Amino acid sequence: MKDIKLERIQKMLQDESYISDSAIAMSVFLSMQLEKPLLIEGPAGVGKTEIAKVMAQALDTNLIRLQCYEGLDSTHALYEWNYQHQLLHLKIQEQKEKDVSKLESSIFSDKFLLKRPILQAITQDKSPVLLIDEIDRADEEFESFLLEVLSDWQVTIPEIGTIETTHKPYIILTGNRTRELSEAIRRRCLYLWIDYPDFEKELAIIKMKVPDIDKKLGEQICGFMKELRELKLEKTPGVSETIDWARALASMNMKHLDKQLIEDTLGVILKDWQDIRNTQNSLSELLDKTGVVSRII
Amino acid sequence: MEPKYISYQTEFSANIVLLCRFLRSKGFLLTASDEITAIDALQHIPFNKERFLKQALQTTLSKNHFEYLNFEDHYTEFWSQLSKAVDSKIKDKEDKQNRASDAQKQQARFDALKSWLNLTPTEDEKVIASYSDLEVLTKKDFIDLSQEEMELMMRLLKKMTRKLSRKKSRLKKSSNKHRTLDLKKTIRQNLRQGGDIQHLVYSEPKEQKLKLVLLCDVSRSMDLYSRFFIHLIYAFQHAYDKIETFVFSTALHQVTSLLNNHEFDKAFAMISDRVPQWSGGTTIGSCLNDFITDFEYGLLDKKTTVLILSDGWDTGEASVIRQSMKSIYKKSKKVIWLNPLAGNPNFSPDALGMKSALPYIDLLASAHNLDSLKAVLKQL
Chain B
569 MKDIKLERIQ KMLQDESYIS DSAIAMSVFL SMQLEKPLLI EGPAGVGKTE IAKVMAQALD
629 TNLIRLQCYE GLDSTHALYE WNYQHQLLHL KIQEQKEKDV SKLESSIFSD KFLLKRPILQ
689 AITQDKSPVL LIDEIDRADE EFESFLLEVL SDWQVTIPEI GTIETTHKPY IILTGNRTRE
749 LSEAIRRRCL YLWIDYPDFE KELAIIKMKV PDIDKKLGEQ ICGFMKELRE LKLEKTPGVS
809 ETIDWARALA SMNMKHLDKQ LIEDTLGVIL KDWQDIRNTQ NSLSELLDKT GVVSRII
Chain R
171 MEPKYISYQT EFSANIVLLC RFLRSKGFLL TASDEITAID ALQHIPFNKE RFLKQALQTT
231 LSKNHFEYLN FEDHYTEFWS QLSKAVDSKI KDKEDKQNRA SDAQKQQARF DALKSWLNLT
291 PTEDEKVIAS YSDLEVLTKK DFIDLSQEEM ELMMRLLKKM TRKLSRKKSR LKKSSNKHRT
351 LDLKKTIRQN LRQGGDIQHL VYSEPKEQKL KLVLLCDVSR SMDLYSRFFI HLIYAFQHAY
411 DKIETFVFST ALHQVTSLLN NHEFDKAFAM ISDRVPQWSG GTTIGSCLND FITDFEYGLL
471 DKKTTVLILS DGWDTGEASV IRQSMKSIYK KSKKVIWLNP LAGNPNFSPD ALGMKSALPY
531 IDLLASAHNL DSLKAVLKQL
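In order, the protein sequences belong to chains B and R.
Going by this note's numbering, the first residue of the first sequence is number 569, and it counts up by one from there.
Going by this note's numbering, the first residue of the second sequence is number 171, and it counts up by one from there.
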């Protein structure tokens, strides 16, 4: 995908209902143009993973996702032989007495190869989007393995040979900064930091995701979230929590916030008991700042 | 591919190279290939808006959160410095009547820029020189450190923990590679299918994970040391996975996620901000008691080492601290108490809090200088 325009990326993100700012569009654009992986970091729930999904949809291509976790190794990321299947195959062939070398080549064929995400990504007919999610959760060992793949774009399987890619995938790496990534992997990537959105952006996101929400309620929710993030919480709620909350309140046909309602639904946005306790204590103050007037009961 | 880049050698790309040098002086780790990427990126972007240029450079040249957020400031500073430098160069040229060759001009411009920015190339030399003081430094009490030595110490700590964490990753690697077949389990599992071996069951040595709970005293009496300890913890937390960190003076605060998610300086500022009693008095007993009631259930077990950093000066009841220490001691693998005062040869644990906690401590160590700290780390 050479020579696409920056405006097109912006429009593409917009069309797939992803509200972005120009910095995000620029990073996505350059990573596609320069064929370099894009490393996205930021707090939880600001739409890092969403970028990859939207890209795949907009480019009308596959999204291949590799979720990283501690202990992830190359058999889960690259390929594995389907041992059980191979065994059964051999058993069936036993009756026919075929010659050995033929048999051997047949069991190490594509049919018995379990393709894991990275191998899948480099054997597609059209450049897919490869999302390597939460790379910081994988071990350092996996990180260096990834470096090798990212630089050569080929995978060697001893029984078959080297598989080279014909269509380089677009790569998005995301991280939550649970562990510092190595300089080596940072050096190979473009970098993008996504922070919590400002009031206008968050409102636009809510309107896009929850179209039937009351206008006033939407504004109040965003105002409240903005103030809430100013509090020193253990786990600051992200945009996805805002959307959940907006959906919940909209489905109850609420028109505006009030203290009781917030107290009852606080569990949708806060996931830590200390946070909930602290927020409940300072709720009145928060509501004052947001400008929400409590109904007098 | 090489000639491709030569064609870009315009005034503008030279400026980009200068920008990269400038950023390097600000601590960015940029290689030649990053410069190439940046220049390469510029031919793709539309030039009708200046912010496009900034954004493109921001995404290509910054490599982490910190750099990303500071990029804008550096960027603006650079262009203003550059325009000044260019002005001074033009004056120069009028005097010399165009005698300088292109290369010389470029050098002059860079020199001008360098002096404007106070770029001192001796930075490396400084680092080398100070590393030779290492031996002395490891024996020096934290209190006696000068500002410069303090920074060096921070670097040392970082290095030390990185070493420790590397040790751990090596362990893992070997265990992954030596996948050995677990015959017993393989046969048992395959009996179900009539004895044909279909599933292979591997086993690997079970990894021994270090589980740590850190309780750090940040009251006034510990003021000189706590900054160090927080730094140590910070380095620690980025090396190991299973660490929970609390700070206390008159109340207990969990700071694990704070340290995990922020650069050190910011995390430190946020901690002192969030702990209003920072450098106030201490009630060790009640804080430990809070820890037991609120967190013990999830955090303490027989695999967990508890590290308490405090001088033991307590303004609360002695019986409370004794009770709390007892239950922590019972529920954990090991309790290590780091007392910076213990480095003094005349030290005896007669602070009341220290005295009452003493029976429930496996190891009382000093940790007042780097050597003693190293000794403790070996015990983990």
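Keep in mind the hints are simulated off the structure, nothing from the lab.
Where hints are given, some of them may not hold.
[Said to hold, decoys possible] Cross-link-like lysine-lysine pairs, in silico, DSBU-like; alpha carbons within 30 Å at most: (1) R:K496 - R:K473; (2) R:K224 - B:K769; (3) B:K839 - R:K473; (4) B:K803 - R:K355; (5) B:K803 - R:K219; (6) R:K354 - B:K659; (7) R:K219 - B:K775; (8) B:K800 - R:K381; (9) R:K381 - B:K736; (10) B:K839 - R:K436; (11) R:K412 - B:K769; (12) R:K219 - B:K769; (13) R:K501 - B:K839; (14) B:K857 - R:K496; (15) B:K784 - B:K857; (16) B:K573 - R:K354; (17) R:K412 - B:K803; (18) B:K659 - R:K355; (19) B:K800 - R:K354; (20) B:K621 - R:K219; (21) B:K803 - R:K472; (22) R:K501 - B:K794; (23) B:K800 - R:K436; (24) B:K679 - R:K355; (25) B:K803 - R:K354; (26) B:K604 - R:K224; (27) B:K621 - R:K354; (28) R:K501 - B:K683; (29) B:K579 - R:K436; (30) R:K501 - B:K659; (31) B:K604 - R:K381; (32) B:K579 - R:K219; (33) B:K839 - R:K381; (34) B:K794 - B:K775; (35) B:K839 - R:K412; (36) R:K501 - B:K604; (37) R:K544 - B:K839; (38) B:K794 - R:K436; (39) R:K219 - B:K573.
Keep in mind that this is a model prediction, so the values were computed, not measured.
key: Hints breached by this structure   = 4, 5, 9, 11, 14, 16, 19, 22, 25, 27, 28, 29, 30, 31, 36 and 37
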